[in-house]
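Undergrad: Protein chains in written order, with my numbering: chain A, 41 to 241; chain B, 71 to 249.
Just so you know, these hints were derived from the structure itself, not from any lab. Just so it is clear, CB atoms sit at the ideal spot from N, CA and C, and this is done for glycine as well. Watch out, some of these pointers could steer you wrong.
[To be verified] Heads up, simulated DSSO-like pairs for lysine-lysine below, C-alpha to C-alpha not over 30 angstroms straight-line:
| id | chain 1 | residue 1 | chain 2 | residue 2 |
| --- | --- | --- | --- | --- |
| 1 | A | Lys56 | B | Lys91 |
| 2 | A | Lys192 | A | Lys151 |
| 3 | B | Lys229 | A | Lys56 |
[Stated by the list, open to error] A short list of chain A residues far from chain B (calculated; beta carbon distances all over 10 angstroms):
| id | residue |
| --- | --- |
| 4 | Val149 |
| 5 | Lys151 |
| 6 | Thr179 |
| 7 | Gly185 |
| 8 | Lys192 |
| 9 | Ala195 |
| 10 | Gly196 |
| 11 | Arg197 |
| 12 | Pro217 |
| 13 | Ala219 |
| 14 | Pro220 |
| 15 | Leu235 |
| 16 | Gly237 |
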Amino acid sequence: MTESDPYVDWIAREAKRAVAVDPMAVERVMARVRQEPLPVRRSARWRWLVAPRALPLSPLVGAALAAGLIGIGVFFGHNIDRGGRNRTGGPEAFADNSPRSPSSDSVRVIKFVLVAPHAATVAVVGDFNNWDAQATPMTRTPTGGTWSVALKLPAGRHVYAFVVNGANGTSQWVADPTAPLAPEDGLGAPNSVVLVGGSAS
Amino acid sequence: MSDDAADVQRVLSGDVDAYAKLVDRYYDRCARFAIRMLGNRDDAEDALQSTFLRAYRALGRYQERDRFSAWLYRILVNQCRSIAARRSHRERVFVREEALLLNAPDKRPAWSGEDEEFVQRVLNELDPLLREAFLLKYIEELSYEEMAALTGAGVSALKMRVKRACDKLRDRWERIRDD
Numbered sequence: 041m042t043e044s045d046p047y048v049d050w051i052a053r054e055a056k057r058a059v060a061v062d063p064m065a066v067e068r069v070m071a072r073v074r075q076e077p078l079p080v081r082r083s084a085r086w087r088w089l090v091a092p093r094a095l096p097l098s099p100l101v102g103a104a105l106a107a108g109l110i111g112i113g114v115f116f117g118h119n120i121d122r123g124g125r126n127r128t129g130g131p132e133a134f135a136d137n138s139p140r141s142p143s144s145d146s147v148r149v150i151k152f153v154l155v156a157p158h159a160a161t162v163a164v165v166g167d168f169n170n171w172d173a174q175a176t177p178m179t180r181t182p183t184g185g186t187w188s189v190a191l192k193l194p195a196g197r198h199v200y201a202f203v204v205n206g207a208n209g210t211s212q213w214v215a216d217p218t219a220p221l222a223p224e225d226g227l228g229a230p231n232s233v234v235l236v237g238g239s240a241s
Numbered sequence: 071m072s073d074d075a076a077d078v079q080r081v082l083s084g085d086v087d088a089y090a091k092l093v094d095r096y097y098d099r100c101a102r103f104a105i106r107m108l109g110n111r112d113d114a115e116d117a118l119q120s121t122f123l124r125a126y127r128a129l130g131r132y133q134e135r136d137r138f139s140a141w142l143y144r145i146l147v148n149q150c151r152s153i154a155a156r157r158s159h160r161e162r163v164f165v166r167e168e169a170l171l172l173n174a175p176d177k178r179p180a181w182s183g184e185d186e187e188f189v190q191r192v193l194n195e196l197d198p199l200l201r202e203a204f205l206l207k208y209i210e211e212l213s214y215e216e217m218a219a220l221t222g223a224g225v226s227a228l229k230m231r232v233k234r235a236c237d238k239l240r241d242r243w244e245r246i247r248d249d
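Go ahead and model the full structure; you've got the sequences and the hints to work with.
TA: So, in structure tokens, the structure goes:
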């Protein structure tokens, strides 16, 4: 514990006591689970594709690859500028669900963009990454306070939000102000919705 | 291979009942966090149901190198946040500037009920961000690095939240003592 304080320690001790749980609760979970399709482990091919590995490169190939990566960055930056978003106000965001590259019918590249000039770091969280604020950090454009990340998402409805971390240590979850909010029976009002393969509703 | 990893493997091989072992193993601990965090059993039950359902759906993406409990807790913390946010949106008290929340005056009367009810009451009076940090640190006894991985917040922010939570609890105690 970080501090020793008799009252805080007492609260912690009391709060640590086990809570009474409805004995049918686990069965209720399992009843819903049994209605779900069986989860499928990522294929070995997919895991091979995403697994980190050392790749020996000659200096010439490395330089060529670096040039290619810079080109990608410029491409994204250009698209963000073209959106004409407000760069001086509070967080402003849009989910651009137009495909950016040739893709299969079931997977599209979605670019998430947030204008947050005073943020230290920004991430997008959603059902596609288990709401993991570490999983999908967004990248700040060199020209200003715009953050973006492009993700391949399967077709369908996705709920998401942005996690904006300030330089002073604050952290806020914010919905996308330009996208529809998730309905009350979804993940909560502060989240937003994007429909991949169609327009958000 | 740990018991958790073996059970995950069995589920992915088609044995859905193996998931019941995982749920049973973690339900009580998750329930304690959810109830302490959300302050009532109905919301906690919602959070727990959606946590275990989402974990099941995402089981194919679970990596054995990660601790299952940490992976599950990350989902739980986020589900509790979502439910608290949904509820707080109705109550107009969620997602404000943290500084405002930290300095908000407490106008609620002192409480002198039974211990558990009293503890839940004072926890409920903490801002959700402070309550979450306090519970993860003091009840779940996580390190700040583990908390950072779960919440997405920085270590310094989490230390600040825990300190502010303790300060508020201490203030609360002193007010009760003085009444």
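Undergrad: Give a verdict on every hint.
TA: So, going through the hints one by one against the coordinates:
no. : hint                    : in the structure
1   : Lys56(A) <-> Lys91(B)   : holds (23 angstroms)
2   : Lys192(A) <-> Lys151(A) : holds (9 angstroms)
3   : Lys229(B) <-> Lys56(A)  : holds (20 angstroms)
4   : Val149                  : holds (19 angstroms)
5   : Lys151                  : holds (21 angstroms)
6   : Thr179                  : holds (16 angstroms)
7   : Gly185                  : holds (18 angstroms)
8   : Lys192                  : holds (14 angstroms)
9   : Ala195                  : holds (17 angstroms)
10  : Gly196                  : holds (13 angstroms)
11  : Arg197                  : holds (14 angstroms)
12  : Pro217                  : holds (12 angstroms)
13  : Ala219                  : holds (16 angstroms)
14  : Pro220                  : holds (15 angstroms)
15  : Leu235                  : holds (19 angstroms)
16  : Gly237                  : holds (20 angstroms)
Every hint from the earlier list agrees with this structure, and none is contradicted.
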